[in-house]
Every structure is written in structure tokens, then in C-alpha cells.
Amino acid sequence: MQIIEVKNLYKSYKKIEAVKGISFSVNQGEIFGFLGPNGAGKTTTINVLCTLLKQSSGEAYLDNLEISRNQGEIRKRIGLVFQDTTLDDYLTAEENIKFHGYAYNMPKNLLAQRTENLLKMMDLWDRRKENVRSYSGGMKRRLEIARGLLHLPKVLFLDEPTLGLDPQTRRKIWDHINEIRLKDKITIFMTTHYMDEAENCNRIAIIDHGKIIALNSPEGLKIDLGGDTVEITTENVSEAEKEIKSLNLKPTITNNNISFQVPNGNEFLPNFVQNFQQKIISIELRRPTLDDVFISLTGKAIREQNQSSTDQMRSWRNRRGMGGSR
Amino acid sequence: MAKEFFRSIYVVTYREILRFIRERSRLISAFLMPIMFLVVFGAGFNRLIGEISPGVDFIQFMFPGILAMTVVMGSLFSALSIVWDREFGFLKELLIAPLSRTGIILGKALGGALTSSIRGLILLGFAPVIGINITPALVIKLIPMILLLSITLSGVGFVIAARMRSQQGFQGIMNFVFFPIIFLSGVFFPLTSTPNIIQTLSKFNPMTYGVDALRQIFFNDLNVIDKNIQPIGIEIFGHITTVWENITILSVIGIILMMIATWMFSKQE
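Here the protein sequences come in this chain order: A and B. For reference, each letter of the first sequence is one residue, going 1 to 326 in the numbering used here. For reference, each letter of the second sequence is one residue, going 1001 to 1269 in the numbering used here.
There is no bait here: all hints are sound.
Derived pair list, reagent style PhoX-like, types lysine-lysine, alpha-carbon separation capped at 25 Å:
| # | chain 1 | residue 1 | chain 2 | residue 2 |
| --- | --- | --- | --- | --- |
| 1 | A | Lys-172 | A | Lys-154 |
| 2 | B | Lys-1267 | A | Lys-76 |
| 3 | A | Lys-20 | A | Lys-54 |
| 4 | B | Lys-1003 | A | Lys-108 |
| 5 | B | Lys-1003 | A | Lys-154 |
| 6 | A | Lys-129 | B | Lys-1092 |
| 7 | A | Lys-14 | B | Lys-1092 |
Keep in mind the hints are simulated off the structure, nothing from the lab.
Pulled out of the complex, with its shape left as it was, chain A reads as follows (with noise of 0.2 Å):
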């Protein structure tokens, strides 16, 4: 069953156009990703598909209600965590959660019983007294994610769930999360740009310039992109492009380097390496990754366009925060 479909949607802002006509849907009790660089639509699809921004056209469902035209109902189905944390830093986390309670009018008893539920669950049970400003970048997420799971949505929205978290706290994110979903048995819609994060998806669809480019579990993105990588680094690129080019291969290019696909890597490389004429710095071979499929589909890395810039930004917006209290 599907619990969001999406025909021809568009959103322009005034002069640009932020998502060009996707379609797709996604099935009750999966978790489906949207993958894809800043800028990619991503998050404004999100925004659509949560009430907070009106399509330019096309039709969004959810449970098979028209979204811009039920957000009343739309809201009560949806729980969200954003890429910026929306929790108010001067109470304590209990406050937060009874006050998402209070505004989603659930009965007393289950609000109790789904505080402790969750809080408990996420670590914080111990420390729902303290203010939330005396919280971590990874405890604040978690405690978005009971706060948004609290009024038992249909469908959880993650916009880039472990944004700024180092490697350690988004694996313990994840376990959270995964642990939720078997339990709860909602559907996990999320955005982002990390490849290892995309891999806990059930399918991904890949969005670049406001477009939906590929869309396949991860291992059959993988497979689509037709066996091994072999990525090799040579003294003059454009000599070595032709000539795996004149093999009937499709190498992409990124940094120098030079990667392609090959069906059966190990029984290719040894004739290769034999044959090539021009002088191969270093080769590798490997599985292909969701990065691979990425840079073959968009001829870039995801990975160089963000992290530097947004994150860079975000970590100065919280300093600031920070320093500006009230």
C-alpha cells in the first residue's frame, strides 16, 4: 500500500524553479530516502509534502488525502524532524514533549505513557528535568525524533537527521531510529546528503537540479550501474579517457581521477593493467557505492559541493544562537 504518492510536482520560488516535475511514491512502512546535493530540491519537497509550502502544481497524498488542499488533517499524520533544531532551549525536554502533546491534543494517559516510551528509548529519560540548552548536538536530535514520533504519525519526515553529528552519535541516531520503526511500524520519508546514511534506506531516489534521476533500492542502484568500480589515477587523463573509451567503457572523471564500470572486475583488471598504454599511477577495485552511483549519474561527487559550505554555515548560525539569548 501506498502511503504518499507525488504526480508532476513543481515548486518555483519567484525566479527559480526548486523542483521540476517529480513523481514518485512511497509504500506504507519503508523508509524511503531523497539523496541528492544542497540545493537539489530536496528539502523543498519536503516542505511541500509536510504543509509548510504550497505546490506551484502537480498533486502531493498522503494517506490519500490532497495535501495542500487537507493540512489539518495532513498535520495529525506527520511528525517531523527539521535540519535546524525547532525545540525551545529554555525549557526542559519533558516541557518540550508535553507542550507537542498539549498542541497535538493527545488524552493524558497516552501522552504519559508515550513520554516515558520514547525518553526512555532515546536515553533521556534521566535527564528530562534539565533545560535543553545543557543538551548535546546528538541528545537535541534524539530528542526531536521522540518528539516527533509522540502523537503516533503515519509518516515520519527526516530532513537530514544526523546533520553536524560526528560518526559515532548518527550510528547510535540510526539504531534509535530503526529500533522506532519496527516497533511502531510507520514510514520514514528522509532527505540526505550523506552516502552511509542513505544505505539504511529501503529505496533511494537520487535528486539532482530538481529532478528525480534514478530511483532503486541501494543495492539495485548498484547493480544498475553494472559490477565493479575501477577507479585509477593516471599522469595524463584526457590520453587515458580515450583509451578506456576506445574499450566501449564510460569513464567519469573527478579530481584526476578516472572511474568506470566493468561487469566482472577481478577477471578484467589483470588484462587491463596489461594493456594500457598509458603510465597508471595507482588503480583500485572495488564494490560500487552509492557515491559511485552519484558521480556516474551527475558527473560529480556529491561529497564536494556540500559539507564545506552548509555545514560550515550551520555550526556559525549555532555559535550564534548561542550568544543570543534572550
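Based on the hints, put chain B in the right spot on chain A.
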């Protein structure tokens, strides 16, 4: 629909009050500011100025004004706090919840009004110290007036906040909105003794009617006045306003401001 509307007001008001209690700096300023004003004005100016008109000394004239100022500062700040909520993200939590947008704004206004009233009551508690007698009957008459003044002035705050994305514009707001509203309202001096231009400007200032209404309530209670000679009442086309007329004008301005504010917010977010 109606249920959602009232729940929105309730939850947002609840949070405003919780935050007021939580933020120590706000609580402390709620206590300290009135004391500071009373000391400065009570001890300093009173001797300098003496009676402002027969039977009313300066401190008696000033006190309702300081009360209005305390309330208005509180309500403007709480209205502008929606800019903080936007910048630090909490506004999104509100906007994404099944709450009514109008209810969110009204909840903010009501929360601001209630916390401003607490500030006002603290100030009233200090009144006897400077020789102003406060009766319980007076306090009961003042509270609705304080709430009305606060909600109306928070309307001014919301209309400004609707367009503001960050706190950077805050200094400008302080200079160009905050101080004119306070100084052009007759808090510190009788408007009748100011140049025509200031008198005219002050008539467009909603706070003017609040200050005057509070002052009339005070003077009636103190029973010190001969209505015809006191610097009270706002002259509009030759007519001097009564308390009830002030309340009516303030309410109408308040309703219009709130309507503009909710319209601006529902349009933007």
C-alpha cells in the same frame, strides 16, 4: 475548528508563561525595572516639579504612566519574541502542528498580556513605598485595563515582527518604534503642555489612550480631582475623552492591529 482555535491559544499562552517563569533575567527585570523607575522619578523629579496641578503631585501623575510603560514594554517584547522563535526554529514546531494560525498569534498576545500584568502587579505592590495608596478595588479595576493595553500594543509588535527575519533589525525597532510610542503617550508629562505637533502625533499613538485611561481610573479612585482642571482626557475634535471612550478607541485599534497581524502571518508562513 473552534476547538482547535482555543487549544492553539491555550498551548501558546501556556508556553509564554512557562518561559516567563523560566527566564531568570526576565523575572529579575520585572522586579528591578519598576523599583528603578520609582526611585529615580519618585525621589528625584518629585521634589523638583512638585504639584502638576492643584491637588495632584508629580508622582501621582507619573505612577499610572510608569504602570503603562511597564506593561507596554513587556507586551512589545513578547510580541517581538516571535522573531526569536522564528530564528531559533521553534516557530516551525508551532506552524507544523495542527494549530490555528490566528490562535497562535492570539495565544502569544494573551501570554504577553498575562506576563505584563504580573509586571504591573509587582509595580503596584511597590506603590505604597512612594506614598500612593492602592486599594483592592482599584487593582480589580486596573487589571482588565492592563490586559487591554497589553494586547493592543502587542498588535503593534506583531505587525512589525511579521516582516522581520532576524534580530538584526531590533535596534532600529527600539529607536523608531519603541521610544516614540512611550514618549509620545503622556507617560512623563501632560500632553496638554506640549507643542501642537506632539499633541497631534500622540493622538495616533494607541498607548496614549491606555495611559490616559489608567490615569483616569487612578484619579477617580484617589478622589483627588476636580475633573475640569486636571490634565486628563484626550481632546479629539474639541471633545475630551472619558475612560470608556478611551477603552473603546483602544479596543478598536487593538482589533484592527490583530487582524492585520494575523493576516500577515497567515499569508507568509
